[in-house]
Amino acid sequence: MTLASSNTDKHAELDGWPDAAGLSDTFRRSWHLIQSEGRLALGGALVLLTIITLAFLIPALSPFDWNGQDLTSRLQPPLWIDENGLRRWFGTDALGRDILTRVFVGARLSLLVSFGAVAGAALVGTVLGLLAGYLGGRVDTVIMRTVDLQLAFPVMLLALSVVALIGPNLVNLILVFVLTGWPGFARTVRASSLALREKRYVEAARGLGAGRARIMGQYILPNALGPLTVVATFELAKVLIFESSLSFLSLGIQPPIPTWGNIMAEGRSLLEVAWWVTFFPGIMLVFAAMAANLTGDGLNSIVDPRLRKQ
Amino acid sequence: MTRAILAAHDLRKKFAPRTSFLGHGQETIRAVDGVSFTVGEGQTLGLVGESGCGKSTTARMVMRLLDPTSGSIEFQGADITSTRGKALRSLRSDIQMVFQDPYESLNPRRQVKEILAEPFRIHRRPTDHRMRSRILDLLDLVGLLPQHLGRYPFEFSGGQRQRIGIARALALDPKLLVLDEPVSALDVSVQAQILNLLIGLQKDLGLSYLLIAHDLAVVKHISHRVAVMYLGRIVENSESHQLFDQPRHPYTKALMSSVPDPTVFKSSVSQRIRLEGDPPSPADPPDGCHFHTRCWLATEQCAAVSPALVGDTKDETRKVACHFPL
Amino acid sequence: MSAEHPVLSVRNLRTEFATREGTVVPVSDVSFDIDRGQIFSLVGESGSGKSVTAMSVMRLVRPPGRITGGSVTFDDTDLLALNQREMKRVRGSQISMIFQDPMTSLNPVLSVGDQIAEPLRAHTSMNKKQVSDAVVEALKDVGIPRARRRLEDRPHQFSGGMRQRVMIAMAMINRPKLLIADEPTTALDVTIQAQILDLLLEICQQSRTSILLITHDLGVVANISDKVAVMYAGQIHETGPTQEVMTQPRGPYLWGLLRSMPRLQGTDALDPIRGQPPLVTEALTGCRFAPRCAFRAEACNTDPPSHIVATGHEVRCHFAPDSEWVRQARAQAGLP
Chain A
3 MTLASSNTDK
13 HAELDGWPDA
23 AGLSDTFRRS
33 WHLIQSEGRL
43 ALGGALVLLT
53 IITLAFLIPA
63 LSPFDWNGQD
73 LTSRLQPPLW
83 IDENGLRRWF
93 GTDALGRDIL
103 TRVFVGARLS
113 LLVSFGAVAG
123 AALVGTVLGL
133 LAGYLGGRVD
143 TVIMRTVDLQ
153 LAFPVMLLAL
163 SVVALIGPNL
173 VNLILVFVLT
183 GWPGFARTVR
193 ASSLALREKR
203 YVEAARGLGA
213 GRARIMGQYI
223 LPNALGPLTV
233 VATFELAKVL
243 IFESSLSFLS
253 LGIQPPIPTW
263 GNIMAEGRSL
273 LEVAWWVTFF
283 PGIMLVFAAM
293 AANLTGDGLN
303 SIVDPRLRKQ
Chain B
150 MTRAILAAHD
160 LRKKFAPRTS
170 FLGHGQETIR
180 AVDGVSFTVG
190 EGQTLGLVGE
200 SGCGKSTTAR
210 MVMRLLDPTS
220 GSIEFQGADI
230 TSTRGKALRS
240 LRSDIQMVFQ
250 DPYESLNPRR
260 QVKEILAEPF
270 RIHRRPTDHR
280 MRSRILDLLD
290 LVGLLPQHLG
300 RYPFEFSGGQ
310 RQRIGIARAL
320 ALDPKLLVLD
330 EPVSALDVSV
340 QAQILNLLIG
350 LQKDLGLSYL
360 LIAHDLAVVK
370 HISHRVAVMY
380 LGRIVENSES
390 HQLFDQPRHP
400 YTKALMSSVP
410 DPTVFKSSVS
420 QRIRLEGDPP
430 SPADPPDGCH
440 FHTRCWLATE
450 QCAAVSPALV
460 GDTKDETRKV
470 ACHFPL
Chain C
676 MSAEHPVLSV
686 RNLRTEFATR
696 EGTVVPVSDV
706 SFDIDRGQIF
716 SLVGESGSGK
726 SVTAMSVMRL
736 VRPPGRITGG
746 SVTFDDTDLL
756 ALNQREMKRV
766 RGSQISMIFQ
776 DPMTSLNPVL
786 SVGDQIAEPL
796 RAHTSMNKKQ
806 VSDAVVEALK
816 DVGIPRARRR
826 LEDRPHQFSG
836 GMRQRVMIAM
846 AMINRPKLLI
856 ADEPTTALDV
866 TIQAQILDLL
876 LEICQQSRTS
886 ILLITHDLGV
896 VANISDKVAV
906 MYAGQIHETG
916 PTQEVMTQPR
926 GPYLWGLLRS
936 MPRLQGTDAL
946 DPIRGQPPLV
956 TEALTGCRFA
966 PRCAFRAEAC
976 NTDPPSHIVA
986 TGHEVRCHFA
996 PDSEWVRQAR
1006 AQAGLP
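Chains A, B and C, in that order, are what the protein sequence lines are. Residue numbering for the first sequence follows my numbering, starting at 3 and increasing by one per position. Residue numbering for the second sequence follows my numbering, starting at 150 and increasing by one per position. Residue numbering for the third sequence follows my numbering, starting at 676 and increasing by one per position.
Same shape as in the complex, but just chain A (with noise of 0.2 Å):
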């Protein structure tokens, strides 16, 4: 973030206004930053580690197991409203089994799908990405074409055919998610390297003999990290929301294993009787898509400074 702030200061300095305009503008701008957008991005990451920290903490210090059944404890509401009840802080569902252990047993498996699904996406839009920006020609043309095709396809539907297809289990909820979120990366990954690869010190490199491959990785990749890494918050916002989404449609990870979506899936038939079953899961991925899209936000504002300016 630092470099990022001082990279925009020297540009300030450069157009337009030299002397100590630019100067000021740039004092201004920063601090503005740091004020405003910093705190917003700083805000959602910090929600995002709470949630992760307590999907590891939770479970493990849960006097309940996340798939005990106690059928003489069914249905009973959270903690303040029956505090005669059995003290189960978000209630039990018709099983008899502890919501706030299910909740967060669930958030590990969202977590770990939906980030595992950004990274693989990032990977693979990255990779393509670059080869489309930098190299050109056939390449880009290729890859862009599939980019195209992949976003006019319906996304729901291919991934209720892949699930259909191939079963719903982790890894191919994981791939599925790669093959629909890969496109956003590999468009921010090749606009980047279509400018960086004008770049004086780009055509630098190319003179003292540096390769394709040295000049994606060293020069390229490294100044594309900013938009890639707003991209990738707003992803796993989506990705979340997806997931749960699948889950709910009984077509992600299968029951009894909890995800927030199929929780939300089986509260669905006793929302009269039974609110907190579906509630607490709600407000959860509502917190952690929010989170994500602040986050998202928050970074974007620091980053398209220095974006336009490229």
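If you're looking for bench data, these hints aren't it; they were derived computationally from the structure. Virtual Cβ for every residue (Gly too), placed ideally from N, Cα, C. Don't take each hint at face value.
[Claimed, not checked] Calculated lysine-lysine pairs in the PhoX-like style (CA-CA distance at most 25 Å, straight line): (1) Lys415(B) to Lys852(C); (2) Lys163(B) to Lys262(B); (3) Lys763(C) to Lys803(C); (4) Lys852(C) to Lys815(C); (5) Lys201(A) to Lys262(B); (6) Lys415(B) to Lys201(A); (7) Lys415(B) to Lys402(B); (8) Lys815(C) to Lys803(C).
[To be verified] Over the 10 Å line for every Cβ pair with chain A, so calculated as not near, a few chain B residues: (9) Arg397; (10) Ser430; (11) Ala453; (12) Leu458.
The hints should help you fit chains B and C onto chain A, whose structure is shown.
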């Protein structure tokens, strides 16, 4: 005359704008349109002209960063127009480039020592401690200090950055440096330091320079020979002193007369030659002599027939492409 | 008529910027006068404060920058005392400005005609027809051929030189008394630069508009200005009538600058000023040029006063009056 280290023969570069889906292309741009020149060993050839004249494209072709559409480039007697792979890589160490904007040509995320180590890494040259001592030598050569090694480009002033750029270019012991507007982004007081550095390096290391510049005074100051370009063609090519003492092409004369001289004041400034209008677009250059649309001496012949770049009858080295040289 | 007031009179101007690293003073104690119909050059290297001076005159310095001292008198009005609304009325009508890069100062999606008309709409109550006639007239005045047919064109349809003419037309449309031109030809080719400089000279002679020209090019300064002020590190180092100052520089900075410029005439070796121009953030005491001065002495540790060495020719150097360094320098350079 000295032996030529670099020779370009009838270089051409056309840029075809991407044709659209239905195949309607725009006109091709003839950025470089038949350019020939030589750079003498240990000498400087100044390639001068206004923006869009093709001088930077020519430099990039010499650097093999762009492939010419036609024509050939000879380096030390060998044709390098289509050198590829390993041979190109070793050629890279012989021909190096110094860029205009030292703010842009250094990777902002690398420290000076990494920037200077890069050429050695790419060419897998000496071992680590030999590389270190070589880098220190380079710093010394360009007037920087060892404590600068750990700093990032943005911590330097423009002049110092250009010194880093020059050190990087010198790392592999090149024989020819292509200098692309090496001082035009620098302050006046710093320009002179860099020009003197370049002159000193040429003397000490026996370097040859191909200098690309728009500033005639800079070109005059360090060039042995000068070629003036206009719309993709060389219009005049002579020994520096001859060209500046007695320009033979009207464009050269007009260009010289346009340079604001600090010893010419408001009262006498009106006596200079003024060119009307803008240079025509390289996508649609005029027929005949490219300069005839702005030339005060143009005749029908100039509009119809393109003059060849030929040597003077008395002095073969003094070349001009004009039907009516001055 | 009695002797005219200067159009612009700047006295002891000081502009500061509050930054994280403390207060930066890009302009300190700057004074100059511009007479009616005069071209006044403010010349200096990057960071010398020349642009901030111009921005201060226009009151366009944005926070955290602030004018903290001195006065700017324009046509008997103290500009620093005006409120924002009154200042807005001055800008674009009585003082206008053109910039280095005409592409970024023009709106790419608006037609050129609309943009030139903008200052007219803001400051006059002309009807549509009058506005359009005035715009065509303005374009003709700056030498744009077939002006009426180009009104609807967008900026990108003009070449760099033509865009700068459009900017000048826009700046001149309300017949301002002062035109501030900030590096107006730096982005242009020399042959086009020559055309634009001619145009500025013509404007100045025909409409008696004064021009404050900000530039780094001493050649441009010599060619078109009547008076010059050479800035260094936020101060005016030397000022006076252009021809006198440039042929007989009495301050070591201008002397050094002229000796380090490659020229078309003459074949002297270049004699660069050593070191780098100071950063705006550097705190300097005593003579600001002293660290780079080849003739520095003990006295240079204290602030030099401005010495008047000839009519209107002032130099901020301890040794300007007796010019000992000038004799030394000339001897060193092998000059009489």
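Here is how each hint holds up against the structure:
Restraint check for Lys415(B) and Lys852(C): satisfied, since their Cα atoms lie roughly 21 Å apart, inside the 25 Å limit. Between the alpha carbons of Lys163(B) and Lys262(B) the distance comes to roughly 39 Å, so the proposed pair goes past 25 Å and is violated. Restraint check for Lys763(C) and Lys803(C): satisfied, since their Cα atoms lie roughly 23 Å apart, inside the 25 Å limit. Under the criterion of a C-alpha separation no larger than 25 Å, the hint pairing Lys852(C) with Lys815(C) is consistent with the structure, at around 20 Å.
Of the supplied pair hints, the one linking Lys201(A) and Lys262(B) holds, its CA atoms being roughly 20 Å apart against a limit of 25 Å. For the hint pairing Lys415(B) with Lys201(A), the CA-to-CA distance comes to about 41 Å; that exceeds 25 Å, so the pair is violated. With a CA separation close to 20 Å, the supplied pair Lys415(B) and Lys402(B) stays within the 25 Å bound. Proposed proximity of Lys815(C) and Lys803(C) is supported: the alpha carbons are some 18 Å apart, at most 25 Å.
Listed as a non-interface residue, Arg397(B) keeps its Cβ farther than 10 Å from every Cβ of chain A; the least gap is roughly 34 Å. Every Cβ of chain A is farther than 10 Å from the Cβ of Ser430(B); the closest lies at roughly 22 Å, confirming the non-interface assignment. With a closest Cβ-Cβ approach of about 39 Å to chain A, Ala453(B) is found to remain outside the 10 Å limit, as its non-interface label requires. Every CB of chain A is more than 10 Å from the CB of Leu458(B) (nearest about 28 Å), matching its label as outside the interface.
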